[in-house]
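Student: So the sequence lines, in the order shown, correspond to chains A and B.
In this text, residue positions in the first sequence follow the working numbering: the first is 1, and each later residue adds one.
In this text, residue positions in the second sequence follow the working numbering: the first is 1, and each later residue adds one.
In case anyone wonders, no lab produced these hints; they're calculated from the structure.
Keep in mind it's a predicted model, so treat the numbers as computed, not measured.
A hint or two may mislead.
As the list claims (entries may be wrong) - In silico EDC-like cross-links for lysine to aspartate or glutamate, where the CA-CA straight-line distance does not exceed 16 Å:
no. : chain 1 : residue 1 : chain 2 : residue 2
1   : A       : Lys-347   : B       : Asp-55
2   : A       : Lys-146   : A       : Glu-246
3   : A       : Lys-347   : A       : Asp-327
4   : A       : Lys-101   : A       : Asp-118
5   : A       : Lys-144   : B       : Glu-124
6   : A       : Lys-126   : A       : Asp-106
7   : B       : Lys-51    : A       : Glu-340
8   : A       : Lys-302   : A       : Asp-118
9   : A       : Lys-241   : A       : Glu-44
10  : A       : Lys-80    : A       : Asp-118
11  : A       : Lys-347   : B       : Glu-147
12  : A       : Lys-185   : A       : Glu-246
Claimed, not checked - Which bits of chain B does chain A cover? Going by a derived footprint, with three or more residues having C-beta under 8 Å, they are:
no. : stretch
13  : 122 to 136
14  : 141 to 153
15  : 173 to 186
16  : 220 to 229
17  : 238 to 250
Don't be surprised by glycine CBs; every beta carbon is placed ideally from N, CA and C.
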Amino acid sequence: MGSHVSRRQLLAAGAGAGLYAMLPFARAQSKSLVVATFPGTWNEAHRNLLAPYFRKRTGASVTQSIQLATEQIAKLEAAKGGRPPFDVAILDEPQVFDAAKQGLIDEYPAARSPNFKDLFPVYQDKWGPKISLQVIGIGYNPNKIKTPPKSYDDLLNPAYKGRVGLTALNSQLGMAFLAELNRIKGGTETNFDPAFAALRALLPNVGAVAANLGAYATLWQQEQVDIAPYNFNFVQTLKAKGVPVEFVVPDTGLVGWTTSLHLVKNAVEPDLAVQYIDSHLAADMQSEMEKPPYDIIPTNSKVPLAGAITQTVAKTPADLAKIRGFDWTKINPQRTALIERFNREIKL
Amino acid sequence: MASATRDEWPLALPLAALFIVCFVAPFCVLLALSLHADAQARAFSVAQYAKFFGDTFNLSILWSTLWLAIKATLVCLLFGYPIAWVCSRAPARWQSVLVFVVVLPILTSVVVRTFAWIVILGREGVLNHALRALHVIDQPVPLLFTETGVIAVLAQVQMPLMVLPLFATLSRIDRNLGDASAALGAGAWRTFFRITLPLSTPGLVAGCILVFSACATAFVTQTLIGGARLVYMPLHIYQQAIGANNWPFAAAISVVFTIAVMIVIYALNRVGRTGKAYGDAR
């Protein structure tokens with residue numbers, strides 16, 4: 001080797017680099033915003049579309065922290081009073097109530113967000129704009145299952161022994177599926193016994209209960225499961241990667257919930273955070289996200305429904321409004337007990 | 001071993017300070033949190049511990065976690081000992097190659113390694129395809145989401161922790177002892193059990209302690225390979241802390257788990273001391 005670097009030079013260079021990283025002005029030139037995002041479709045769309053859009057708009061870069069809504073609540077609660085681990089939270093409908101009640105998020109400063117007024121009124125929540133609607137139905141592997149399933153009862157078909165997948169209740173997918181199963185079997189938002197009876201009947205068919213959503217996607221890629229409750233968007237994203245999976249709307253209809261972005265209390269970069277959230281609301285951004293492989297349902301009134309959404313989920317905003325939801329203020333207080341009970345029921 | 005002289009102890013200060021700030025202090029917080037009845041941490045109580053020990057569900061999870069780690073450690077030992085022995089007896093040039101191969105798994109992230117195992121163990125995975133191609137089986141055998149799968153992956157992932165300490169002790173053993181044993185008429189097995197094994201006890205115990213504690217707490221491997229139906233303590237703690245937001249209970253489970261793991265490690269250490277005394281006496 002020709003080049004000759006002494007140990008002292010190397011140490012000096014290392015110390016210099018360390019110092020540089022610690023100096024505030026060195027980083028001020030290019031600000032960075034830490035945002036939470038969900039695994040799957042969401043982190044991909046946010047990384048590939050939203051982050052570049054935001055960078056163009058503000059010159060700031062984005063650091064993603066991929067986690068579920070429940071994890072974000074726990075981390076924000078742990079950091080309460082201090083510096084939060086991220087400035088923008090992404091929450092599903094049930095967690096918004098918790099976050100607001102626990103004082104983890106600020107009311108959204110709509111006046112500073114020019115795109116906010118373009119959202120349909122139902123999506124203009126004071127705690128943070130709804131960025132989309134997530135819906136669940138049945139995902140199945142068309143290579144293995146020739147007749148497309150019609151209802152959630154098809155999951156009980158003895159032919160699918162060991163082929164059905166589920167996720168743990170820490171994901172909204174798991175919780176919403178349990179609530180829907182409960183409703184179909186005659187339960188109410190305060191009585192989940194019918195859901196657990198149905199779950200017990202389903203367990204012999206269940207080949208895998210993924211502990212997290214990232215692992216759930218892998219199960220489809222590896223063809224470990226052939227049929228399972230799944231999010232519309234996640235199916236679309238996996239399909240675009242060549243994974244054999246199709247989405248069907250069960251005869252009992254779609255179940256959905258809103259997903260929203262929030263300004264975290266005591267955010268380090270509150271202005272950038274609002275700009276980031278506002279970027280997500282922009283009509284041109286939402287039209288991009290509506291395209292495959294994300295197929296994210298828009299909430300901006302200027303973005304017409306298109307593509308796979310109109311084929312499967314809803315043709316018009318009026319159809320979207322008809323998608324069934326749950327009263328999460330009634331279900332939330334039982335969440336701990338439901339998780340506990342679910343874990344006991346499924347334990348091998 | 002000579003005890004540290006009076007002038008040397010300040011060398012341990014940086015590590016001790018780090019240990020106090022990053023482990024002892026948080027552990028005290030954890031302990032304090034676990035002694036509260038509710039999440040608001042208003043009144044002191046042992047209710048969380050009473051809840052843990054009053055429920056066979058929790059106890060079965062604790063037991064299955066320790067038992068899982070013991071089984072994985074034994075598998076590591078079974079496969080790791082011969083590897084370490086081969087490494088220690090190999091010519092110097094080969095030794096570095098072999099050690100590199102042993103260390104190789106640690107060079108990739110545990111998440112990456114574990115996802116690779118999903119591809120191997122899956123229903124349509126490499127292993128099932130190979131077994132079917134060889135006509136050993138005609139239906140895919142379930143490996144993913146089974147305890148057998150978890151043990152296999154843990155053993156592979158943690159193997160270097162077993163091999164490296166064993167390799168270090170085995171290569172320090174004076175080869176003349178083996179020759180002397182042979183010269184006195186002992187067979188290979190007798191030499192192994194009377195000479196090599198007792199002399200390698202310190203490395204063996206160190207390896208077992210490392211592998212056991214790593215396997216018991218291997219959250220990533222346990223959850224990705226085991227799934228949500230095989231609940232071990234780390235997942236149980238995670239679910240209580242993050243999913244159920246029940247921090248005092250999660251803290252109590254953590255404390256119980258830490259103590260349980262420490263008891264096993266203490267027991268292993270005792271075995272190690274007995275073994276060492278045995279080795280020294282020979």
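Student: Against this structure, judge whether each hint is valid.
Tutor: Checked hints:
no. : hint                  : verdict
1   : A/Lys-347 / B/Asp-55  : holds (15 Å)
2   : A/Lys-146 / A/Glu-246 : holds (11 Å)
3   : A/Lys-347 / A/Asp-327 : violated (28 Å)
4   : A/Lys-101 / A/Asp-118 : violated (27 Å)
5   : A/Lys-144 / B/Glu-124 : holds (12 Å)
6   : A/Lys-126 / A/Asp-106 : holds (9 Å)
7   : B/Lys-51 / A/Glu-340  : holds (13 Å)
8   : A/Lys-302 / A/Asp-118 : holds (7 Å)
9   : A/Lys-241 / A/Glu-44  : holds (12 Å)
10  : A/Lys-80 / A/Asp-118  : violated (33 Å)
11  : A/Lys-347 / B/Glu-147 : holds (12 Å)
12  : A/Lys-185 / A/Glu-246 : violated (25 Å)
13  : 122 to 136            : holds (count 4)
14  : 141 to 153            : holds (count 3)
15  : 173 to 186            : violated (count 0)
16  : 220 to 229            : holds (count 6)
17  : 238 to 250            : holds (count 7)
Hint violations for this structure: numbers 3, 4, 10, 12 and 15, all remaining hints satisfied.
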